[in-house]
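Undergrad: Spelled out, the chains give:
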Amino acid sequence: MIRVEALTKVYGSGPSAVTVLDGVDFAVERGEVFAVVGASGAGKSTLAHCLNLLERPTSGSVTVNGVELSRLRERDLRAARRAIGTVFQSSSLLSRSTAAENVALPLDYLGVTPAERDARVAELLERVGLSHRADHHPFQLSGGQRQRVGIARALALRPSVLLADEATSGLDPESTRSVLSLLRELRDDLGLSIVLITHEMDAVRETADRVGHLQAGRLVESGPVAALLRDPASALGRALQPLRPHAAPAPGERVWTVTYASGAVPADWLLRLSEQLRARVSLLGASVEGSGGTGTGWAVVGLPAGAEEVLDALAGLGLHGAPQARPPQQPARSASGAAALAGGAR
Amino acid sequence: MSALAAAVPTVAPALRGTPLADLPALLLPAYGQTLLMVGIVMALVVALGTPLGVVVFNTGPGGLFPAPRAHTALSWVVNLGRSLPFLILMAAIIPVTRLLVGTTIGIPAAVVPMTVAGVPFFARLVENALRDVPVSVTEVARVSGGSPWQVVRRAQLHEAVPAIIGSATVNTIAMIEYSAIAGTIGAGGIGYVAVTYGYQRFDHSVMVATIVVLVATVAAVQFAGDRLARRATPHLRRA
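Chains as they are written, first to last, in full-length UniProt numbering: chain H, 1 to 346; chain V, 1 to 239.
Please keep in mind that the hints were generated in silico from the structure rather than gathered at the bench. Treat the hints with caution; some may be incorrect.
Claimed, not checked - Pair ranges (Cβ atoms, derived):
#, chain 1, residue 1, chain 2, residue 2, range
1, V, L80, H, A17, 34 to 42 angstroms
2, V, P68, H, G23, 27 to 35 angstroms
3, V, P61, H, A264, 55 to 63 angstroms
4, V, V101, H, A17, 52 to 60 angstroms
5, V, S147, H, G23, 28 to 36 angstroms
6, V, P61, H, G290, 43 to 51 angstroms
7, V, S83, H, S169, 42 to 50 angstroms
8, V, P51, H, V18, 28 to 36 angstroms
9, H, E123, V, R231, 29 to 37 angstroms
10, H, P114, V, L80, 32 to 40 angstroms
Just so it is clear, the structure is predicted and the values come from calculations on it, not from any experiment. By construction, the Cβ of each residue, glycine as well, lies at the ideal position given by its N, Cα and C atoms.
Just chain H, with the same shape it has in the complex (with noise of 0.2 angstroms):
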């Protein structure tokens, strides 16, 4: 497992002194997905920096399996980071070694047997499902099988922690799934507790367990993916599943928003509200999908105007409801999640 504490990056010093990271703190599990999400310039890659120590924090620690990685110097520290494997963003290959060169990279410096190695990466290859591309070049590859020979490289030195710093950025629909699936198979099948630093809200909901939020240096919210998305108040959960343009409504309806707050939501709940109400129920917009095993998601429903126990029929269908100001205008919840995560652009 991995446990940050305090984390904290100064660049430079004096007046011109800029914060990038303020006391982040957090731990992953062993076989956990963590996400941390948040805008460009919010700190997302000096965190992943800090965490391999690429960089030296400026105070706090990083602690794997015990070792506090912070404390040590530049020779222990060689040894201690092969306990977190880092999937760089796409390109990070060696371009002049073959697929499996690029995964011995580790193995070599290692200084294993050339038959140990040989047979490591064999091992390696075989489980990210690229066995028939060992000898190929990177530029023979595409963005998801250099992503997954990437994976196998950071998985070389069996570490316990695995770190994707903007793995799946600049893949294409496919690849992105593809690798977060692997990702997902290593955390169940290895016990690896990963650290998925990324912009894209749908790696999340798809890979995380537990999310944070990096905003301006500070992780000003985290929790459990499923408790986030059903988090009617959560900006994260907003975020993480954000609202979509929808349909008008007809005349004389009024525009609710309504989000799953429980994992109890029957299937059936327009059916059942429109009975409870006894009124037409219009469906404008809608997004649901599983997360861990129960529905999330967030619906725009037309009611007649007037119909005053909506909020409480809402609530035993364990629904959360908010009637929209000015219909029809665009959501306005969409804007303001947009706009809390634009808000660390800063």
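Chain H is fixed; fit chain V onto it per the hints.
TA: Coordinates of chain V only, in the frame set by chain H:
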């Protein structure tokens, strides 16, 4: 036919000088000296310039062991070495040359200033080649547990090999040029022949022959360098 016959007498006196048949005896030893000079110098330049370039790059911002003062000092030395015109450098370091090789004429005397001029040039080219290697390559090597030496050799230099081959090609051609300049102070070689026969004695056939030989040599070096660089680049290998 008749037009050609009329033209020949006017052209032939213009190319007066050493007869064609005697040119090889004059040029071949000199050419051998040029190749020897450039060969020795390039061996020294690559051996000394590569580590210097690596150190300049890695002491700089974003390098493996940033050391701003050392970086500034080394950059200054490299710039100084590159800012002097070769002829002036050659004359200026004569005392050093005498100290190192005990003479100020001949091949040994030319090797010293040529190396002094070539090393900073090559170091700067190596530094630029390393700068073009993505930062992530160095980062990957570091998080893969590489020692600084392993990171330099197996990641930075390894990725920069095609660019460094290109740099060595450029440098070799510059050294051929310098060897001709060194010829003016009696270093021998093809430049010496061009100056003493072609320039001082108006021996046109020697002048033309040296030009042909130099152009062909430079073209051959460039061709070989391009080929080597391409072979070292996986995605160009088949082209």
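Undergrad: Regarding V101/V and A17/H, is the given constraint of 52 to 60 angstroms on their beta-carbon distance met?
TA: With Cβ atoms ~54 angstroms apart, the hint holds.
Undergrad: So does S83/V sit 42 to 50 angstroms from S169/H, Cβ to Cβ?
TA: holds (44 angstroms)
Undergrad: Could you see if the CB distance from E123/H to R231/V stays within 29 to 37 angstroms?
TA: Once the Cβ atoms are compared, 32 angstroms apart, the range 29 to 37 angstroms for R231/V and E123/H holds.
Undergrad: So the hint says 28 to 36 angstroms: do the beta-carbon atoms of S147/V and G23/H match that?
TA: Cβ of S147/V to Cβ of G23/H: about 33 angstroms, so the range 28 to 36 angstroms holds.
Undergrad: Given the range 28 to 36 angstroms, decide if the beta-carbon distance of P51/V to V18/H lies inside it.
TA: Cβ of P51/V to Cβ of V18/H: about 35 angstroms, so the range 28 to 36 angstroms holds.
Undergrad: Tell me if the beta carbons of P61/V and A264/H are separated by a distance inside 55 to 63 angstroms.
TA: For P61/V and A264/H the Cβ distance comes to about 56 angstroms; the hint holds.
Undergrad: Assuming the hint says 34 to 42 angstroms, is it satisfied by the Cβ distance from L80/V to A17/H or not?
TA: holds (35 angstroms)
Undergrad: That 27 to 35 angstroms hint for P68/V and G23/H (C-beta), does it hold up?
TA: holds (29 angstroms)
Undergrad: Against the range 43 to 51 angstroms, how does the distance between the Cβ atoms of P61/V and G290/H compare: consistent or not?
TA: holds (48 angstroms)
Undergrad: Does the beta carbon distance between P114/H and L80/V stay inside 32 to 40 angstroms, or does it fall outside?
TA: violated (46 angstroms)
Hint 10 from the list above is the single one not met by this structure.
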